[in-house]
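Participant: Residues per chain, in single letters:
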Amino acid sequence: MAVTGIILVLFLIAHMLGNLKIFTGETSFDHYAHWLRDIGTPLLPTTWFLWIQRAALTVAVLAHIGAAVVLAKRSRAARPVPYAHRRKIHVNYAARTMRWGGVIILLFVIYHILDLTTGHLNPQGDPANPYGNVVADFAPERWYVTLFYTLALVTLGFHLRHGAFSAFRSLGQQTPKGERRARIAALVFAVALVGGYLLVPFAVITGLVA
Amino acid sequence: MNLTLRIWRQHGPEDKGRMVTYPVQDVSPDMSFLEMLDVLNERLILDGEEPVAFDHDCREGICGACSLMINGEAHGPQRGTTACQLHMRQFSDGDTIDIEPWRARAFPVVKDLVVNRNAFDQIIAAGGYVTAPTGSAPEAHSVPVPKADADAAFSSAACIGCGACVAACPNGSGMLFTAAKITQLSLLPQGQPERYTRVIGMVDAHDEAGFGGCTNVGECASACPKGIPLNTIGRLNRDYLKATAKRSGTPGS
Chain D
1 MAVTGIILVL FLIAHMLGNL KIFTGETSFD HYAHWLRDIG TPLLPTTWFL WIQRAALTVA
61 VLAHIGAAVV LAKRSRAARP VPYAHRRKIH VNYAARTMRW GGVIILLFVI YHILDLTTGH
121 LNPQGDPANP YGNVVADFAP ERWYVTLFYT LALVTLGFHL RHGAFSAFRS LGQQTPKGER
181 RARIAALVFA VALVGGYLLV PFAVITGLVA
Chain U
211 MNLTLRIWRQ HGPEDKGRMV TYPVQDVSPD MSFLEMLDVL NERLILDGEE PVAFDHDCRE
271 GICGACSLMI NGEAHGPQRG TTACQLHMRQ FSDGDTIDIE PWRARAFPVV KDLVVNRNAF
331 DQIIAAGGYV TAPTGSAPEA HSVPVPKADA DAAFSSAACI GCGACVAACP NGSGMLFTAA
391 KITQLSLLPQ GQPERYTRVI GMVDAHDEAG FGGCTNVGEC ASACPKGIPL NTIGRLNRDY
451 LKATAKRSGT PGS
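The listed protein sequences correspond, in order, to chains D and U.
Here the first sequence is numbered in the numbering used here, starting from 1 and rising by one per residue.
Here the second sequence is numbered in the numbering used here, starting from 211 and rising by one per residue.
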């Protein structure tokens with residue numbers, strides 16, 4: 001869980017920073033988007049790096065889901081008779097929503113790829129003009145897209161808040177002082193990442209980016 | 211106080227079991243929770259009914275025998291105490307109280323509220339001790355132990371093995387118990403020679419007993435009557451990672 005999660009988190013950081021290029025203008029953003037296809041050239045043919053990265057991410061996602069399924073199955077098997085009176089978990093809301101949150105994030109990722117990578121669900125869907133696709137996607141009249149995007153990212157934020165702390169712990173974070181730091185770091189990281197991602201659709205919907 | 215109890219009744223391991231409602235009158239707020247159950251049982255015996263079976267021994271929070279899930283909380287609503295240390299003043303007149311046994315595949319119900327916690331003994335048997343006979347207490351200055359390590363080892367050694375961590379865990383994991391035992395020994399000099407074989411053995415025994423996997427939720431530490439800290443699980447994880455990376459059986463490695 002921790003190792004595959006870290007791989008996915010590294011991608012999320014790079015993706016978020018890349019998204020913020022939208023504030024540097026259309027030419028710069030489109031140039032960045034096209035550069036992504038050329039990373040590694042001339043050592044690698046065009047788009048090869050992108051496909052290697054996609055393959056690695058797919059493996060990481062599948063391994064992450066696989067580990068989660070194993071844990072969920074063990075968890076279910078470990079308590080065959082449920083409690084008649086079950087108090088809700090009060091320690092940690094984020095921890096409580098890891099499994100269903102993960103499912104929501106997966107569905108969002110599928111939608112997101114169909115929307116802004118392949119363009120099938122995008123109103124414009126022009127691979128040559130990523131800036132235009134983003135602006136068309138989050139247009140004010142398509143507020144429901146922004147709403148879904150926001151909900152999915154808040155879910156991701158909760159997932160990361162518990163996930164990041166849990167990864168520190170799984171990899172051997174062992175002191176009480178370190179635990180407090182790890183929890184704060186996980187919270188700050190989750191808020192910063194979600195904030196960074198949400199800047200883009202809200203900039204489009206408010207007209208800052210047009 | 212007049213209360214309504216809903217208690218899990220199960221004749222034996224094979225019985226399906228059910229929640230049965232019992233009204234209890236004139237409960238004193240100064241009674242302990244177990245004394246209140248004693249009052250109910252005396253009445254059941256007089257009425258010719260089968261009394262409710264529940265585990266108890268010291269009734270002062272040090273033996274780890276009592277094991278009641280009270281209104282969905284291991285050892286009841288009061289933090290840092292066992293069910294036997296819980297007083298009826300924590301409840302109000304007219305309350306309905308649900309009492310259930312620990313629920314885990316590794317802790318099968320023997321009868322009513324009594325579960326078999328032999329799985330914990332199996333975890334201990336897999337390495338939760340020091341093999342060498344250490345004799346009587348040595349001269350305290352001969353092996354210096356840093357104060358911070360001694361304190362942390364002591365707070366882990368406070369574990370009474372009651373099983374509340376398993377009962378409270380949404381995954382039915384016994385990792386806090388296992389981690390408390392690992393931490394207690396791995397922080398002290400006596401535990402060093404077997405430190406890495408111990409962690410592998412105990413975690414394997416934990417998994418084989420049918421406990422769930424830890425997902426760092428933290429319900430265990432909040433339910434623990436002895437306040438075993440959650441970071442002990444980090445100590446276990448670090449020892450486990452080191453143990454799996456080490457080449458065991460090679461002299462000097």
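Just so you know, not all the hints are guaranteed correct.
[To be verified] DSS-like mimics (lysine-lysine), calculated; alpha carbons at most 25 Å apart, straight line:
id: 1; chain 1: U; residue 1: K321; chain 2: U; residue 2: K226
id: 2; chain 1: D; residue 1: K177; chain 2: U; residue 2: K226
id: 3; chain 1: U; residue 1: K226; chain 2: D; residue 2: K73
id: 4; chain 1: D; residue 1: K88; chain 2: D; residue 2: K73
[To be verified] Sample of chain U residues with no beta-carbon within 12 Å of chain D, all distances over it, derived:
id: 5; residue: K226
id: 6; residue: C268
id: 7; residue: T306
Calculated from the structure, these hints are not laboratory results.
None of the values given here were measured: they were computed from a predicted structure.
For every residue, glycine included, the Cβ atom is placed at its ideal position computed from N, Cα and C.
Participant: Indicate, hint by hint, whether the structure satisfies it.
Facilitator: Outcome of the hint check:
1. K321/U x K226/U: holds, 11 Å
2. K177/D x K226/U: violated, 46 Å
3. K226/U x K73/D: It holds: about 23 Å lies between the C-alpha atoms, which stays within 25 Å.
4. K88/D x K73/D: Judged against 25 Å, a Cα distance of about 20 Å means the pair holds.
5. K226: violated, 9 Å
6. C268: holds, 26 Å
7. T306: With a cut-off of 12 Å, T306/U comes too close to chain D, as the shortest Cβ separation is near 10 Å.
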